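As given, the protein sequences belong to chains U and G, one line each in that order.
Sequential numbering of the first sequence, starting at 1, is according to this note's numbering.
Sequential numbering of the second sequence, starting at 1, is according to this note's numbering.
Keep in mind that the hints are not guaranteed to be accurate.
It does not matter which identical chain is meant; a pair holds if it fits inside one copy or across any two.
Claimed, not checked - Distance condition first, Cα-Cα at most 30 Å in a straight line; then the derived DSSO-like pairs of lysine-lysine:
1) K208 - K109
2) K146 - K224
3) K23 - K50
4) K182 - K146
5) K162 - K146
6) K146 - K210
7) K48 - K23
8) K217 - K23
9) K68 - K210
10) K216 - K68
11) K162 - K225
12) K83 - K48
13) K109 - K146
14) K162 - K50
15) K217 - K146
Since the hints were derived computationally from the structure, they do not count as laboratory data.
All values reported here derive from a predicted model rather than from experimental measurement.
Protein chains: 2
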Amino acid sequence: MHGNIYIIPSTIGDSGIDVIPQKTIDVIRSIRCFIVEDIRSARRYLSKIKMPVTIDELTFSELNEHTKTSEIADLLVPVLQGKDTGIMSDAGVPCVADPGALLIDCAHKNNIRIIPLTGPSSILLALMASGMNGQNFAFAGYLPVKEPQRSRRIQLLENRSKYENQTQIFIEAPYRNMQLFKTLVSICNPSAQLCIAANITLADEFIKTKSIEDWKKSEPDINKKPCIFLLQSVVSAVR
Amino acid sequence: MHGNIYIIPSTIGDSGIDVIPQKTIDVIRSIRCFIVEDIRSARRYLSKIKMPVTIDELTFSELNEHTKTSEIADLLVPVLQGKDTGIMSDAGVPCVADPGALLIDCAHKNNIRIIPLTGPSSILLALMASGMNGQNFAFAGYLPVKEPQRSRRIQLLENRSKYENQTQIFIEAPYRNMQLFKTLVSICNPSAQLCIAANITLADEFIKTKSIEDWKKSEPDINKKPCIFLLQSVVSAVR
Chain U
1 MHGNIYIIPS
11 TIGDSGIDVI
21 PQKTIDVIRS
31 IRCFIVEDIR
41 SARRYLSKIK
51 MPVTIDELTF
61 SELNEHTKTS
71 EIADLLVPVL
81 QGKDTGIMSD
91 AGVPCVADPG
101 ALLIDCAHKN
111 NIRIIPLTGP
121 SSILLALMAS
131 GMNGQNFAFA
141 GYLPVKEPQR
151 SRRIQLLENR
161 SKYENQTQIF
171 IEAPYRNMQL
181 FKTLVSICNP
191 SAQLCIAANI
201 TLADEFIKTK
211 SIEDWKKSEP
221 DINKKPCIFL
231 LQSVVSAVR
Chain G
1 MHGNIYIIPS
11 TIGDSGIDVI
21 PQKTIDVIRS
31 IRCFIVEDIR
41 SARRYLSKIK
51 MPVTIDELTF
61 SELNEHTKTS
71 EIADLLVPVL
81 QGKDTGIMSD
91 AGVPCVADPG
101 ALLIDCAHKN
111 NIRIIPLTGP
121 SSILLALMAS
131 GMNGQNFAFA
141 GYLPVKEPQR
151 SRRIQLLENR
161 SKYENQTQIF
171 IEAPYRNMQL
181 FKTLVSICNP
191 SAQLCIAANI
201 TLADEFIKTK
211 SIEDWKKSEP
221 DINKKPCIFL
231 LQSVVSAVR
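Using the sequences provided together with the hints, build the complete structure.
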């Protein structure tokens with residue numbers, strides 16, 4: 001019998017573990033084998049969770065941007081041998097804007113049962129709080145850094161929002177947030193709505209939706225803060 | 001001073017409340033004023049949460065597909081008068097494939113603080129467990145019911161998945177799940193990947209990703225079960 005793979009959300013930044021449901025905590029406490037984005041972050045999180053065994057009794061493998069595709073199958077060996085395994089990323093939800101999907105894809109091909117657990121996702125929380133269309137939305141990840149690709153991409157997203165009434169969600173490396181903000185306000189239609197959601201779930205969480213025109217009058221304080229951007233061109237009555 | 005609006009996830013179907021984080025439970029218990037999709041479902045959920053006051057001491061307003069746009073502003077009156085208010089839908093996360101976004105949009109325009117809380121979202125959980133691209137994805141809601149619009153839409157989604165490497169997520173009324181499944185296997189490329197995620201968070205949760213070709217050999221048991229469909233045309237190595 002194969003083990004199961006549990007997809008385990010972590011806290012985002014330094015929030016308390018009260019954002020993690022009891023069921024997720026119970027599953028984490030029952031697992032001894034972890035595939036993680038970074039071992040040090042994982043240990044820190046598990047010590048907050050108060051594991052019933054010492055950290056030395058746990059097994060950790062790393063899965064991150066340095067992992068070669070050819071190494072993915074090896075990570076599944078303990079699972080195929082019957083060990084329940086948890087996959088965790090540094091913050092939030094694995095496999096969504098974070099490593100993990102290739103491993104899960106490989107696990108499906110090996111007929112391994114996948115069990116996703118509930119926890120905080122900054123993308124989902126930002127969408128909920130944006131007031132934008134949640135019946136039709138797209139997440140584009142990171143935008144191109146260089147011009148003119150960056151501006152072209154923003155225009156493409158704005159057009160798609162306009163013609164398909166699809167909320168466009170994207171992110172940026174936190175130290176480039178203000179640069180992206182400035183590009184957005186200079187390129188987008190003044191009537192387009194922009195939601196900026198920074199430090200989600202933390203004490204200084206900031207979530208605000210305003211028109212591009214209104215954002216021009218007051219810059220947000222988002223430099224170096226983890227941030228989700230959401231763009232909507234047309235405000236539709238159908239939600 | 002205005003009150004805050006808390007966006008409160010509920011359980012999906014009959015799962016235990018152990019999928020709801022303690023922080024979310026604590027906020028629910030502190031609130032007396034609720035805007036809900038359906039009052040009876042909301043009362044049932046709140047009785048599981050064990051409110052510290054009787055249900056009679058709580059105020060409920062309804063916000064659902066019968067609510068007129070002109071009535072939205074009225075729902076905010078208690079918030080503008082200082083009352084902290086929670087918005088809840090029947091299952092899962094408000095404002096995402098569920099009512100609420102128009103109210104939140106109106107709240108932003110009134111400078112009300114919006115606080116989204118963590119809880120189960122079948123769309124997010126399905127995406128996590130699908131093994132499909134979580135760096136670039138789109139949720140399209142319900143597909144058109146009639147042909148040829150339905151087939152055309154599926155082809156459009158498959159093409160977008162193929163040319164943009166964007167995972168396509170969509171839903172159907174549970175009694176039409178099998179009909180949609182049959183259309184998908186008849187239209188999509190045999191090599192395209194289809195993930196079917198049914199009864200998420202429940203005891204008989206079923207999540208499986210297979211090629212269209214493989215799905216043809218074994219129909220899933222998803223009739224009348226709440227279900228998320230995810231389609232990916234090309235398996236990319238970049239995740």
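Against the structure, the hints come out as follows:
no., hint, verdict
1, K208 - K109, "between (42 Å within a copy, 10 Å between copies)"
2, K146 - K224, "within (19 Å within a copy, 48 Å between copies)"
3, K23 - K50, "both (14 Å within a copy, 18 Å between copies)"
4, K182 - K146, "within (14 Å within a copy, 44 Å between copies)"
5, K162 - K146, "both (24 Å within a copy, 25 Å between copies)"
6, K146 - K210, "within (26 Å within a copy, 37 Å between copies)"
7, K48 - K23, "both (15 Å within a copy, 16 Å between copies)"
8, K217 - K23, "neither (45 Å within a copy, 35 Å between copies)"
9, K68 - K210, "between (42 Å within a copy, 23 Å between copies)"
10, K216 - K68, "neither (44 Å within a copy, 32 Å between copies)"
11, K162 - K225, "within (28 Å within a copy, 33 Å between copies)"
12, K83 - K48, "within (23 Å within a copy, 34 Å between copies)"
13, K109 - K146, "neither (37 Å within a copy, 34 Å between copies)"
14, K162 - K50, "neither (48 Å within a copy, 44 Å between copies)"
15, K217 - K146, "within (26 Å within a copy, 47 Å between copies)"
Violated hints, listed in ascending order, are 8, 10, 13, 14; each of the other numbered hints is respected by the structure.
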